[in-house]
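Novice: Listed below, chain by chain, are the residues.
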Amino acid sequence: MSDNTPADMTYEQFEAMIDGYIERSSRESGEMPASAFFALLFEKMAARAQETVKVHGRIVDGQLVLAPLPAEQSAVQVRGNEILVDRWRIVVSLQSA
Amino acid sequence: MHFASGIVCVTLQDSITFRYERVPGQFDLERGLGLGARSKQYPMVQIPISFLPAHRTALYTYMTDDRRLTRDQWRMLYEAIDILDGAQITISGQLRTFRQIYQERVDQVFADPYIAQLLELEDVPVQSPALTATFARRVSAALKESGLIHREEPDSWMLRAYCIYWWQSFARDYAFEVEILRDLAASGLSFTAHNVRSRYERFSPADLVVLDLLGDFKTSVYFLQTETGELSNDFYVTRLRGAGRERTLVVFQKTHAWEKINGETVDGTLDNVLALLPRPVRLRQGEHELIVVEYETWKRKLLHIQRGGSNE
Numbered sequence: 000m001s002d003n004t005p006a007d008m009t010y011e012q013f014e015a016m017i018d019g020y021i022e023r024s025s026r027e028s029g030e031m032p033a034s035a036f037f038a039l040l041f042e043k044m045a046a047r048a049q050e051t052v053k054v055h056g057r058i059v060d061g062q063l064v065l066a067p068l069p070a071e072q073s074a075v076q077v078r079g080n081e082i083l084v085d086r087w088r089i090v091v092s093l094q095s096a
Numbered sequence: 000m001h002f003a004s005g006i007v008c009v010t011l012q013d014s015i016t017f018r019y020e021r022v023p024g025q026f027d028l029e030r031g032l033g034l035g036a037r038s039k040q041y042p043m044v045q046i047p048i049s050f051l052p053a054h055r056t057a058l059y060t061y062m063t064d065d066r067r068l069t070r071d072q073w074r075m076l077y078e079a080i081d082i083l084d085g086a087q088i089t090i091s092g093q094l095r096t097f098r099q100i101y102q103e104r105v106d107q108v109f110a111d112p113y114i115a116q117l118l119e120l121e122d123v124p125v126q127s128p129a130l131t132a133t134f135a136r137r138v139s140a141a142l143k144e145s146g147l148i149h150r151e152e153p154d155s156w157m158l159r160a161y162c163i164y165w166w167q168s169f170a171r172d173y174a175f176e177v178e179i180l181r182d183l184a185a186s187g188l189s190f191t192a193h194n195v196r197s198r199y200e201r202f203s204p205a206d207l208v209v210l211d212l213l214g215d216f217k218t219s220v221y222f223l224q225t226e227t228g229e230l231s232n233d234f235y236v237t238r239l240r241g242a243g244r245e246r247t248l249v250v251f252q253k254t255h256a257w258e259k260i261n262g263e264t265v266d267g268t269l270d271n272v273l274a275l276l277p278r279p280v281r282l283r284q285g286e287h288e289l290i291v292v293e294y295e296t297w298k299r300k301l302l303h304i305q306r307g308g309s310n311e
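Residue numbers (numbering that gives the first Met the number 0), protein chains in the order written: chain A, 0 to 96; chain B, 0 to 311.
Do not rely on the hints blindly, as some may be mistaken.
Straight-line Cα separation of at most 30 Å, DSS-like style, residue types lysine-lysine; simulated pairs [said to hold, decoys possible]:
{"#": "1", "chain 1": "A", "residue 1": "K43", "chain 2": "A", "residue 2": "K53"}
{"#": "2", "chain 1": "A", "residue 1": "K53", "chain 2": "B", "residue 2": "K253"}
{"#": "3", "chain 1": "B", "residue 1": "K143", "chain 2": "A", "residue 2": "K43"}
{"#": "4", "chain 1": "A", "residue 1": "K43", "chain 2": "B", "residue 2": "K253"}
Derived from the structure by calculation, the hints contain no laboratory data.
Bear in mind that the values here come from a model prediction, so they are computed numbers and not experimental data.
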């Protein structure tokens, strides 16, 4: 690939980049530096712990009804038996034991 | 907003959608912007607005020379792929995400044949690079012939980069997994592993069970791309670069898993963890702790316990 920035890249340069990547990544293990790997892993673990949201539910007429969450947890929305997070819609169903 | 003699509506959602309506008898907006011919011939690609130039740079730098990536750029790389998961392409009126395209046109077509041929190799470390390259070229050719990529539509190039990134991550990851599984079996260790031929089992969270501990094999890049931070398994086998070596096989595990194996540890940092090996290294960040050991050390300790030895 030339020194062109991605925005300037021509289609031919893009093709060459993809072809080069295929050859190189097939041949080399391409592993991450240990320091970056563990730094990003610990970041993910910490972010996961900070994002714990407790959802309370009750059974109303045989249906699961989840309680609305406080406004400060607006990244997560609860509606009936659905939990909306980012682009995910999680539908919780009840099954008899 | 009004544009020339047409009306252009801009809808800001997760991505930008341009919709326009012609005003009859006035300036030909389609021809003027060149949109008419493109919308008739090419699939429309929508990249989320959260995909920044820095994401593109990180992805292209990774594909050109991953050694040039800074730690921040590694983070941007994973973000880039996460964002592109939700990028959309409209094909014959049907909206598909990049993720769906990958699943339907790459994973479902190439994964099983690749795994089957991988398992036929006698020497995976030596022979798998050629197999990986062969399949990657097939995937790349299939994408070029799919009609989804157009040279005049740079956003459509991202679909090809995205699919090739995922495919190479997948292919190298399974070559690594098969290599380790064969090595563990040859060592005489007793364990239960999932069946990599089974598409269903490939999606299981754990790859193997040993000493009642759940474990997973992942190349470092594939691991961080797919890991949510929950660490649902007890231990992970991976390869890392550093301390003057291209790759070092390590096992990192939760504290309770290490206690089952046991042994003295030294405290390490992100920057010296590989240099401290072969001594088992304890890494702490905030409330979280991991024990990192060399793969050979870990395997030897497991074998010792399974053969009736003490974990002291």
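Novice: If a hint holds in the structure, say so; if it doesn't, say that too.
Specialist: Against the structure, the hints:
Straight-line distance between C-alpha atoms of K43(A) and K53(A) comes to about 19 Å, which keeps the hinted pair within the 30 Å bound. Between K53(A) and K253(B) the CA atoms are separated by roughly 25 Å; this keeps the pair inside 30 Å, and the hint holds. Under the criterion of a C-alpha separation no larger than 30 Å, the hint pairing K143(B) with K43(A) is inconsistent with the structure, at around 35 Å. A C-alpha spacing of about 15 Å is found between K43(A) and K253(B), which places the hinted pair at or below 30 Å, so the restraint holds.
Violation of the numbered hints given earlier is confined to hint 3; every other hint is satisfied by the structure.
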